[in-house]
Amino acid sequence: AYAIEGQRERAEQSLTAALAAGPEHAPALLLRARELAGKRDLDGALKLVDGVIARNAQDADALLLKGELQWARGEQEPAMQTFRQAVAAQPANVEVHSALIDRHFAKRDLEAAKTQLAELQKVRPRHPRTTYFEARLAAQTGDLKGAVERTERLLKVM
1 AYAIEGQRER AEQSLTAALA AGPEHAPALL LRARELAGKR DLDGALKLVD GVIARNAQDA
61 DALLLKGELQ WARGEQEPAM QTFRQAVAAQ PANVEVHSAL IDRHFAKRDL EAAKTQLAEL
121 QKVRPRHPRT TYFEARLAAQ TGDLKGAVER TERLLKVM
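If you read the sequence shown in our numbering, its first letter stands for residue 1, the second for the next number, and so on.
Hints were generated in silico from the structure; no laboratory data involved.
Keep in mind the model is a prediction, meaning the values are calculated, not measured.
Careful, some of the hints might be misleading.
Unchecked claim - Each computed DMTMM-like pair below joins lysine to aspartate or glutamate, with the alpha-carbon atoms no more than 20 Å apart: (1) K114 to E149; (2) K47 to D61; (3) K107 to E95; (4) K114 to E95; (5) K122 to E95; (6) K107 to E149; (7) K114 to E77; (8) K114 to D102; (9) K47 to E24; (10) K47 to E75; (11) K39 to E75; (12) K107 to E77; (13) K39 to E9; (14) K122 to E111; (15) K47 to E77; (16) K39 to D50; (17) K107 to E152; (18) K47 to E35; (19) K122 to D102; (20) K107 to E119; (21) K39 to E5.
Unchecked claim - Simulated DEER-style distance windows between Cβ atoms: (22) L144 to D102: 20 to 26 Å; (23) R10 to R126: 37 to 43 Å; (24) G142 to Q121: 18 to 24 Å; (25) E95 to A139: 36 to 42 Å; (26) R40 to D102: 17 to 23 Å; (27) E24 to L144: 46 to 52 Å; (28) A57 to L155: 35 to 41 Å.
From the three backbone atoms N, C-alpha and C, an ideal C-beta is built for every residue, glycine too.
Use the sequences and the hints to build the structure in full.
Below, the structure written as structure tokens:
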């Protein structure tokens, strides 16, 4: 909360206190890893995340962050595998599906994006992010009418 308000020093103090009280508290470790990544210490961030995953291999948040760090390091294929592990760990988590779909779009692999979107549609068919990806895929495959319809549906939700 302090970080959102721009109070970086208080945010750092709170995070340090949380880690002192519970040095293996996964959410605090992941927050510290994000902080390190923000400072371009990807190796340090990855080390923290790997520690969280070592204690709980099904931690979708840790797997998601690991995939993001791998992607940032240019390790695309390992990142894709890590995102798939995150989806397997928490199939109804929109964020992990989104990470994978976004990377498929980044790689211009529309078939893989379509396949992953179908998986997201099974578990979260009415989620706004699902609708967003439907619109994006429609636009990128030339279905402009479908893209407009989905975008209008999305705007009604918001």
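Does the structure keep K114 and E149 at a Cα separation of 20 Å or less?
The hint holds at about 18 Å.
So the hint says 36 to 42 Å: do the beta-carbon atoms of E95 and A139 match that?
Violated, at about 22 Å.
CB of A57 to CB of L155, is that within 35 to 41 Å?
About 39 Å separates the Cβ atoms of A57 and L155, which means 35 to 41 Å holds.
Evaluate the given range 20 to 26 Å for the C-beta pair formed by L144 and D102.
Since the Cβ atoms of L144 and D102 sit about 21 Å apart, the hinted range of 20 to 26 Å holds.
Can you confirm whether the C-alpha distance between K107 and E95 stays at or below 20 Å?
Roughly 18 Å between the alpha carbons, so the hint for K107 and E95 holds.
Is it true that the C-beta distance of R10 to R126 lies inside 37 to 43 Å, as the hint says?
Holds, since R10 and R126 (Cβ atoms, about 39 Å apart) stay within the stated range.
Would the pair K107 and E149 pass a check requiring their Cα atoms to be no farther apart than 20 Å?
violated, 26 Å
For a C-alpha distance cap of 20 Å, please report whether K122 and E111 respect it.
holds, 17 Å
Hint check: K39 vs E9, CA-CA at most 20 Å. Holds or violated?
holds, 15 Å
Is the hinted pair K39 and D50 satisfied, with a Cα-Cα distance of at most 20 Å?
This hinted pair holds, its Cα atoms lying about 18 Å apart.
Take a quick look at whether K114 and D102 sit within 20 Å of each other, Cα to Cα.
holds, 11 Å
Distance restraint between K122 and E95, which requires alpha-carbon spacing of 20 Å or less
holds, 15 Å
Of the hints listed earlier, those the structure fails to meet are numbers 6, 17, 25, in rising order.
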